[in-house]
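Novice: This is what each chain is made of:
Protein chains: 2
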Amino acid sequence: MSVLDPLTIADPGQLTADLVHLSTIVDSTVPGWTRQALTEADVVGRHWVRARMAEAGLDAHIDGAGNVIGVLRGTAPGNSAIMTGSHTDTVEGGGRYDGNVGVASALEVVRTLRANEVRLRHDLIVVDFFSEEPNRFGISCIGSRALTGFITAEDLDRVDSDGVRFADELVRIDIDPSALLSSRMDTSRIKAFVELHIEQGPYLEEQGSDIGLVTSITGIKRFRVAFRGRPDHAGTTPMNRRHDAGCAAAGSVLAIEQIASANVDGRGTTGLVTFTPDAVNIVTESAELWGEFRSPDLRWLDDAGTEFHSAVQREGASRSVEAQLDWLPSEQPAGMDDRFIEVTAREADRLGLKQSRLYSGAEHDAAIIAKKIPTAMIFVPSKDGRSHCPDEFTADKDIHSGANVLLNTIITLDRELDFA
Amino acid sequence: MSVLDPLTIADPGQLTADLVHLSTIVDSTVPGWTRQALTEADVVGRHWVRARMAEAGLDAHIDGAGNVIGVLRGTAPGNSAIMTGSHTDTVEGGGRYDGNVGVASALEVVRTLRANEVRLRHDLIVVDFFSEEPNRFGISCIGSRALTGFITAEDLDRVDSDGVRFADELVRIDIDPSALLSSRMDTSRIKAFVELHIEQGPYLEEQGSDIGLVTSITGIKRFRVAFRGRPDHAGTTPMNRRHDAGCAAAGSVLAIEQIASANVDGRGTTGLVTFTPDAVNIVTESAELWGEFRSPDLRWLDDAGTEFHSAVQREGASRSVEAQLDWLPSEQPAGMDDRFIEVTAREADRLGLKQSRLYSGAEHDAAIIAKKIPTAMIFVPSKDGRSHCPDEFTADKDIHSGANVLLNTIITLDRELDFA
Chain A
0 MSVLDPLTIA DPGQLTADLV HLSTIVDSTV PGWTRQALTE ADVVGRHWVR
50 ARMAEAGLDA HIDGAGNVIG VLRGTAPGNS AIMTGSHTDT VEGGGRYDGN
100 VGVASALEVV RTLRANEVRL RHDLIVVDFF SEEPNRFGIS CIGSRALTGF
150 ITAEDLDRVD SDGVRFADEL VRIDIDPSAL LSSRMDTSRI KAFVELHIEQ
200 GPYLEEQGSD IGLVTSITGI KRFRVAFRGR PDHAGTTPMN RRHDAGCAAA
250 GSVLAIEQIA SANVDGRGTT GLVTFTPDAV NIVTESAELW GEFRSPDLRW
300 LDDAGTEFHS AVQREGASRS VEAQLDWLPS EQPAGMDDRF IEVTAREADR
350 LGLKQSRLYS GAEHDAAIIA KKIPTAMIFV PSKDGRSHCP DEFTADKDIH
400 SGANVLLNTI ITLDRELDFA
Chain B
0 MSVLDPLTIA DPGQLTADLV HLSTIVDSTV PGWTRQALTE ADVVGRHWVR
50 ARMAEAGLDA HIDGAGNVIG VLRGTAPGNS AIMTGSHTDT VEGGGRYDGN
100 VGVASALEVV RTLRANEVRL RHDLIVVDFF SEEPNRFGIS CIGSRALTGF
150 ITAEDLDRVD SDGVRFADEL VRIDIDPSAL LSSRMDTSRI KAFVELHIEQ
200 GPYLEEQGSD IGLVTSITGI KRFRVAFRGR PDHAGTTPMN RRHDAGCAAA
250 GSVLAIEQIA SANVDGRGTT GLVTFTPDAV NIVTESAELW GEFRSPDLRW
300 LDDAGTEFHS AVQREGASRS VEAQLDWLPS EQPAGMDDRF IEVTAREADR
350 LGLKQSRLYS GAEHDAAIIA KKIPTAMIFV PSKDGRSHCP DEFTADKDIH
400 SGANVLLNTI ITLDRELDFA
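Residue numbers (numbering that gives the first Met the number 0), protein chains in the order written: chain A, 0 to 419; chain B, 0 to 419.
This is chain A alone, in the form it adopts within the complex (with noise of 0.2 Å):
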């Protein structure tokens, strides 16, 4: 174990600034701090990230997935790495800190080990990595998906709601659709990802705490419903012969939420919900609704899904509407290493900082990323819990926390952590 005071980032105010700066990166013609991944804003953002990088003293560069990554070389023999870093892309209408604190934050790390010359024996990796929200191509974290060999060619002929494919849109924005197949990295030589990221839930602002320990990352079952009934005369069909699929997709929606509310990690949305035809004076012939289920535990996720399916099917019966439940892609919960927790907990507690532990119920790159190398995850405080919004708010002096624990469980880790 460290006896060393623990080291504290060099230029907090310059960690700010950088956040500042990309808060300036936005679509202007859509509200919010908006940079989703595929546009102007993100090409931009991710070519200053890139620029930011080798000013930091990092060998920088953006691979065939989109991914920017920056390498500082470690002293030790052999070629095993720590991984570090988060993504800049945000959904529409989205805020300030959620992905971007945590590039930002690994940014300062690198010029706060250089500032105190501090030399890792590890190569520590940063990455942005691409495209981590779900795009409207129905897919997210591609860029951790890609580094780790989950991305299939299946997913480049995705299409979106305008049939375009997934793949013309890359090459669009220059990237390669095989090279983004074949961007694999070499994960057995990185021994440790560490992630920072806002909580984007109200956890460690109810509980007082600075930062909070991740646990494990949130399984997700996505879902699409599609209700079959019958177009009839609004003012002619008496309530009892009618096939309504709008109150079979109504009760579905109000399903989903009693099914998650019984539990209290349990997460159920209903994200949209479409009625033909949009008339008011015929009984809605179809609906569709499109949801998922969100829990830490598989069993309840899965337990969950099976009440969905008969709720489902009992709010079509019992309406004499069709009804057909389609599982989409889904994540798997992801479980945080235990022995990187209490490094990351240790190295809280030498700074000072009150902490909690907590599952995530957002998705992350981590959860990816977890899949190969083991993996922690360090959250800060989000103001009333409010996230992908424009009222998303972290105080500086939490993220100057959050930049402190993640510079200090790097070192911790590059100390301790076995050469393979």
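To be clear, the hints were calculated from the coordinates, so they are not data collected in a lab.
As the structure is a computational prediction, the values presented were derived from the model and not from experiment.
We put the CB at the ideal spot given by N, CA and C, even for glycine.
Be careful, since some hints might not be right.
Calculated Cβ distances over 12 Å to all of chain A for the following chain B residues [what the hints assert, rightly or not]: (1) Asp4; (2) Ala178; (3) Thr411.
Which residues of chain B face chain A? A few of them, derived with a C-beta cut under 10 Å, are [what the hints assert, rightly or not]: (4) Thr235; (5) Arg266; (6) Asn280.
On the provided structure of chain A, position chain B as indicated by the hints.
Specialist: What follows is chain B alone, placed relative to chain A:
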């Protein structure tokens, strides 16, 4: 009371042929037999009806409100009249019978009167009313409202979802908006209105009846509900911390269904629902729904409105979501003329047709006209109760029976009505 044998229509095949011809004048770019008001097909259809009226020996013109009007002069002094007719516009994706049956049958009634050299004492006014179906500006029964003076300058200023003004669309199809406002008829000289229409519901078929005698036409309470919650992250926001506008809307859709299902004559329909944003990983911030309640019983309609208001407040409050219920222009229930119902019943008896009395759950020009002129409606069966869809069907023999009842009702009313 007449002691003559009832007449029957001169050429049932011609009536069928007219309906077939109308079914060829459609907008082929949309499904079904679509001839929506304000479209090219509608304009062509109404000019065809005018020509057909002229061929049948009527003085025919299209009035300032787009109504096609044909007059068969009566023999008696004074200027009193009997009016009959319906409409030839359809909903999008509609059928071949709704409205068309009443217009085509009225033409065959005129041809039959002439073929049999029956001279009425009253003028007989045949009308193909303009834009009976709810159009994209949210107004229905334009022609009958204009004839009876219920159109206002405010109606002309309504805009569709593309921001186009109703008045500008009227100009595009050669209707002068100011003429529409001033095309009110002198209704004091019109002593009776009789409309033949398909039932659009399952009642006559279930009863095995040939003819329906309408006792009243449903009232309609239309509404819009807007919910405003908070856009939170779908993974990090616990269920009990959400302000999910979508769930409040879904609960309200079910409330509409439940309230209407509790009364045998009650109808409640949600026409469309919109969730914003339409993203699966964000709790729905705002949701909107449009719907209606219908009943021939004004007291039930008012009670349903009160109960729904409570339900909307409850669905919003239990999720800390703001709820706003707005009532839109509605229709009062319209009673049909009891004396005319008896005349129609007698004529159906004389023709050996099995009859049932029922109320109309659908809106009709007759409900507007009844505010100024004593009115009767004759229904013919709809297969499986289907309407406002391509499957809408009424057998030729039923249409011919309906035309026969219309013919003899007009003849008897002409004989029995006093002149003012």
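Novice: Against the structure shown, which of the earlier numbered hints fail to hold, in ascending order?
Specialist: none
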